[in-house]
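Number of protein chains: 2
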Amino acid sequence: MKIIELKETITASNDRDAQELREELLRSGTLLINLMASPGAGKTTLLDRTIRDIGSRYKIGIIEADIDSDVDARALSALGVSAVQAHTDGMCHMDAGMTRTALEELTYDDKDLIFLENVGNLICPAEFDTGAGRNVMILSVPEGDDKPLKYPLMFTKSDVLLITKTDAVSIFDFDFDKCEERVRKLNPDILIFRVCAKNGKGMDAWEEWLEEQAGSWGK
Amino acid sequence: MKIIELKETITASNDRDAQELREELLRSGTLLINLMASPGAGKTTLLDRTIRDIGSRYKIGIIEADIDSDVDARALSALGVSAVQAHTDGMCHMDAGMTRTALEELTYDDKDLIFLENVGNLICPAEFDTGAGRNVMILSVPEGDDKPLKYPLMFTKSDVLLITKTDAVSIFDFDFDKCEERVRKLNPDILIFRVCAKNGKGMDAWEEWLEEQAGSWGK
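Chains A and B supply the protein sequences, listed in that same order.
Mapped onto our numbering, the consecutive letters of the first sequence carry residue numbers 868 to 1086.
Mapped onto our numbering, the consecutive letters of the second sequence carry residue numbers 868 to 1086.
Check the hints yourself; a few may be wrong.
Repeated chains share a single entry, so a pair holds when one copy, or any two copies, can fit it.
With a Cα cut of at most 30 Å, we get these calculated BS3-like pairs of lysine-lysine [said to hold, decoys possible]:
(1) K926 - K1017
(2) K1065 - K1045
(3) K926 - K1086
(4) K1068 - K1052
(5) K1017 - K1068
(6) K1086 - K1024
(7) K1065 - K1017
(8) K1065 - K1024
It should be emphasised that the hints constitute simulated quantities derived from the structure, not laboratory data.
Kindly generate the complete structure, drawing on both the sequences and the hints.
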């Protein structure tokens, strides 16, 4: 077996725009959470549960980024939060400019907490700073504990990892300790929560962290 | 809830290179299968099972495309097939040029059947023709039956859809009929197989199709 390297440089020059946006959000006291994961990892289900649990204490906004459809934005706006559906027209990630457009549509300066549900993709969103205050990623149990080895950048760039669908561990061979060890090798400072958004297990620790962040952002 | 469109054009001009490569593969009688899916959908497990079942009748090659690591190529080369690990250095997909580089490293003209396990990503690989004779995609049950609505291009570009991890349907709410209806609306000609690579259920129909394709390619 041979290993060959296919070099190609990704150009990503939106860092300055992202930093400007982050400073504006800091001034308005709006915490933007960039939520990233593979397709079907359970981003919308996690947000649904989180909003039901702590939503009444905050002015919340949601940006649903998808290539197509508006099923997620419809589901979450039914919870009574402001939601905007951003269609990326084939683009595999959100960048700072796209995020700004969506934030302005939503009107962000009267919100405490905005969730950007990024496009379902474990690769490209990690390369583009959206201007978010915190980056949160989901890895679901059915995806497997080897994902940190294959998609290292996303784990490196995230402040929080939520390991979700923990109720599926009876069917899937998933070694939590091995997974977390692999993640911490990439990113020693990352916070890791094991949760099941369906039955609520472990959600309290994640929501406590979230409330701490929202409470101290821009204050 | 508002819907905003974020327009941006993807430049993809590798179609001519891909067509040339496909014609070369046709002349050498080598069927290249481009296997695409989300991270953790079970591409390697499917290939492992398929090679164990029908591998002895063909000269098989494997290209494992990953951003990092070589765990999959190691696993599959243990089955006695030629395997090459292609590192994309952060790139989220394989294009025709990258595929050619990997094929030449593998030496393709003495192979009957080559599997390209594309980077785990439900978006970008669908935009880049690799030169493969057939495009095959996996959607695993834990990802959910709404994926055709959100990632339409991949379903449109695939000749075959394998719905995998069917043994997980006891835990996940997945409506096979609704999913297949959504897929056929995008792509009426697509072949759909429901399989579980772990317990072997449904693998025979997929392997029969594969043997038919390999038998008639370039003949």
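Right, here's what the structure says about each hint:
1. K926 - K1017: between (37 Å within a copy, 28 Å between copies)
2. K1065 - K1045: Classified as both; 24 Å inside a copy, 22 Å across copies.
3. K926 - K1086: within (16 Å within a copy, 65 Å between copies)
4. K1068 - K1052: Close inside one copy (26 Å), not across copies (38 Å); limit 30 Å.
5. K1017 - K1068: Classified as both: same-chain Cα gap 28 Å, cross-chain 28 Å, threshold 30 Å.
6. K1086 - K1024: Within. Shortest intra-copy distance 24 Å satisfies the 30 Å Cα cut-off; inter-copy 50 Å does not.
7. K1065 - K1017: both (27 Å within a copy, 22 Å between copies)
8. K1065 - K1024: within (26 Å within a copy, 33 Å between copies)
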